Amino acid sequence: MGEFARTWSATYNSVAMTSAGSFGGTSWNTFGQVFYLKEATMPAAGAHDIVVTASGAFAGDIDCGAVSFSGVDQTTPVSGYNHSTATAVTASLDITSATGNIVVSTVSEGSATATYMFTTTGGTVRWNRDGNTGAPTATWGATQTGAATTTCGWEFGTMQRRIFLPVVRSAYMTPSVFLSTRKPVPEV
Amino acid sequence: MALAYDASSACTYPQSSQATVTWSHTISGDANRVLVVLVTAIWVSSPERGPQPITA
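Residue numbers (our numbering), protein chains in the order written: chain A, 1 to 188; chain B, 1001 to 1056.
It is worth saying that the hints were derived from the structure and are not from the lab. All the given hints hold, so there is nothing to weed out.
Label-pair ranges, simulated between beta-carbon atoms: (1) B:Thr1012 with A:Phe118: 18 to 28 Å; (2) B:Tyr1005 with A:Thr18: 13 to 23 Å; (3) A:Asp94 with B:Ala1019: 30 to 40 Å; (4) B:Ala1019 with A:Thr18: 12 to 22 Å; (5) A:Ala98 with B:Thr1020: 29 to 39 Å; (6) B:Thr1022 with A:Thr96: 28 to 38 Å; (7) B:Ala1004 with A:Val15: 20 to 30 Å; (8) B:Ala1007 with A:Ala16: 19 to 29 Å; (9) B:Ser1028 with A:Thr75: 15 to 25 Å.
Residues from chain A that keep clear of chain B, each with C-beta distances beyond 12 Å, as calculated: (10) Val89; (11) Ser92; (12) Thr96; (13) Thr119; (14) Thr120; (15) Ala147.
This structure is a prediction, so every number in the text was calculated from the model and none was measured. The C-beta atom is built at its ideal place from N, Cα and C for all residues, glycine as well.
Turn these sequences into a full structure, and let the hints steer you where they fit.
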């Protein structure tokens, strides 16, 4: 397992977050995990630090995103999780959810070739750190309206003003896609 | 109160070869909040990255 034998934890405002699922392995040299924190231990409104920590030194690249919601069913706030890996310019993954859910997805790209990414299934991009920054990896996150089965699709490309050397890169695309669904609080 | 999106954030580059990643997220003051954090860790060797792009 090497680097991916690490265990990971997350805190918000120094309060430990709960894991909703993870995966990791050597086949794609990727690891991923979803954490959440509920209202009961949430701090007052305002800016607070999120800290993600590996159990040991990690020589790879870490991409993280966060999204917060209100009006969430506190019993089962994150009701599903799924992931996939691929080596293509597109990625798609289904997750079982429900009408009224919001589905969160993230995609990261490990060859630093992606300079933009867009959802192909109507998602709203919530964070974007593309390959133009010189970062070794790139990552995006989105939310979209849930259905009985929600498909989250992504596609990446490169900006025209960039000139790439005439070498076809092995597309080390989409090491991971995480999806989590969340139930709404019933209307009173 | 209906389910609603409030805010998002992401860690900034560089976050390579670190065991700890820290960034700030602004939480709302609304009721029944939940924060979801999604972590991806990737290890890619130099040959797999291929040549770096030339910026015009």
